[in-house]
Amino acid sequence: MFYIHCPYCQEHREEEEFHPRGEAHLMRPTDPDNATDEEWGDYLFFRQNPRGIHHELWVHSVGCRKFFNITRNTVTYEILETYRMGEQPSITAETEKLRKEQGVQTADGGWQTIGAQPDSRALNEETSS
Amino acid sequence: MQRYSGFGLVKHALGHHENWERQWRNPTPKKRYDVIIVGGGGHGLATAYYLAKEFGVKNVAVVEKGWLGGGNTARNTTIVRSNYLWDEAARLYNHSLDLWKGLSQDLNYNVMFSQRGVLNLGHTLQDMRDIQRRVHANRLNGIDSEVVTPQQIKAIEPALDISSRARYPIMGASWQKSAGVARHDAVAWGFARGADALGVDLLQNTEVTGFKIRDGKVLGVHTNRGDIEANTVGCVAAGNSGVLAKMAGIRLPLESHPLQALVSEPLKPVLNTVTMSNHVHGYISQSDKGDLVIGAGIDGYLGYGQRGSYPTIEHTLQAIVEMFPMFSRVRMNRQWGGIVDTCPDACPILSKTKVKGLYFNCGWGTGGFKATPGSGHVFAASLAKGEMHPIAAPFSIDRFHTGALIDEHGAAGVAH
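First to last, the protein sequences are chains F and U. According to the numbering used here, the first sequence is numbered sequentially starting from 1. According to the numbering used here, the second sequence is numbered sequentially starting from 1.
No lab work stands behind these hints, which were simulated from the structure alone. A portion of the hints provided could be inaccurate.
Examples of chain F residues lying across from chain U (beta carbon under 7 Å, computed) [said to hold, decoys possible]:
# : residue
1 : 1
2 : 38
3 : 41
4 : 46
Stretch by stretch, here's where chain U covers chain F in the computed footprint (C-beta under 8 Å, at least three residues) [as the list claims (entries may be wrong)]:
# : region
5 : 12 to 21
6 : 64 to 78
Ideal placement from N, C-alpha and C gives every residue a C-beta, glycine not left out.
Whole structure, please, built from the sequences with the hints as guidance.
Written out as structure tokens, the structure is:
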């Protein structure tokens, strides 16, 4: 269960009040009449789908009904920030990497998943993609 | 390979079951293979098995970062059916259903395929129109499918509430009698044992960390156990397909979501068949050991964590209790999540890529288990010949640019 801070209501509310709407900051082709099939396909269907930091659109569907953005880690599910429409994220995959290198503990929980951790850690270290 | 039989069971009983052979080897990676399969789940193992058995490619490696069948193969609700709307999808899933029927004999491994039928319930007039359309399309494609009335449903599945008191009264259903369930782990193990016996190397705890690509051609993979060469690489990595694609510089139209499922405490036999409802949105069957196997919708957000949120579980159980009020006090035993790679048109991607020799088999989303043998078979044929199999060809990644989508959102059991 997420506890989500709505940047418009300025309150933390339970996940059930919200609805995820996929990747944020998608740009509709600027010249729709002359956009190619490639451009339309990319805009409609192709997504980043990152394993790690993700900027995504949510709507406070049973609250203020406004759309806003969340920066969230898709492995640990930690919500790192929420920000209004039109604003840019202050945390990105690059800044997270930087924080990690400087030795600050971050949400990059890394380990996934398929069951327990095996004896030999070296064999299963996460590698950056 | 040690063949299994009733006689063998008696023989080993006399030896206190101490002399069973290991089902597959645990080999060290060779330097070079003809084909590398990335991902040791059901689809990957089936691909390797059919490559070796039917297409004469025996120098094959399956590279798996965890253990065999440890991802979605072990996490699904084991439903097998082929009542899809469009010709392309119907052909693919029905090809798979045909293979399911002889799979236990073929693999000499009991996959416990039980053709107990599937009901897809309709609760509104529009549901019923969609069901009729789908059933007619199925029949034109040679799939056994019929529309049944609430009274017929009650005869098939007496535990269902068909009364008009229900919040969403049942108005009818589609009924595919040849559909059913199978034992998911046995499917992975059976294909693994069969592939291993034909000389396929199953490399567990071997994680692909990158691809060796030169001049737009794939030459092999980098792994945490060294580089392995091959001119043909098939990626069958379900939820993590996007991560692999990124390593190869390819984009996929996939989104990875958590899909949760749960099982109850074991009960005496109470369900005869598999019941699914798109409208109240849940599906349920009873396993041979007695537990109710339950699933419903994905969690709407992206997630690679193999877990989801509690509200989703609550919605799932609301749907089950709506259909089967008598289950309201059944206790749930276990709950888990898998990572499903959902495609915008709810159909998979079986495709070449812009990198020569690199193929992807992914995007099965919430309904891949039923396709395991069929997917493996047509993907193996494609890898062996270097040309997509006619059944697989419509599922090319190009369709997201040409617009030739195969919209199966109605026939998929899970909304996304």
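Margin query: Can you tell me if the region 64 to 78 of chain F counts as covered by chain U, using C-beta to C-beta distances under 8 Å and a minimum of three residues?
Written below: holds (count 5)
Notebook entry, point to check: Are residue 46 of chain F and chain U close enough, Cβ to Cβ, to be under 7 Å, as the hint says?
Noted result: This interface hint holds because 5 Å falls under the 7 Å limit.
Item checked: Interface hint outcome for residue 1 of chain F [beta carbon to chain U under 7 Å] -> 5 Å, holds
Note to self: Let's test the interface hint: is any C-beta of chain U closer than 7 Å to that of residue 41 of chain F?
What the structure shows: Residue 41 of chain F check passes; min Cβ-Cβ to chain U is 4 Å, inside 7 Å.
Margin query: So is the region 12 to 21 of chain F in contact with chain U by the C-beta rule, three or more residues under 8 Å, or is the coverage claim wrong?
Written below: holds (count 4)
Next item on the list: Would you check whether residue 38 of chain F satisfies its interface hint, that is, whether its CB is within less than 7 Å of any CB in chain U?
Entry: 6 Å, holds
Checked against the numbered hints given earlier, the structure satisfies every one of them.
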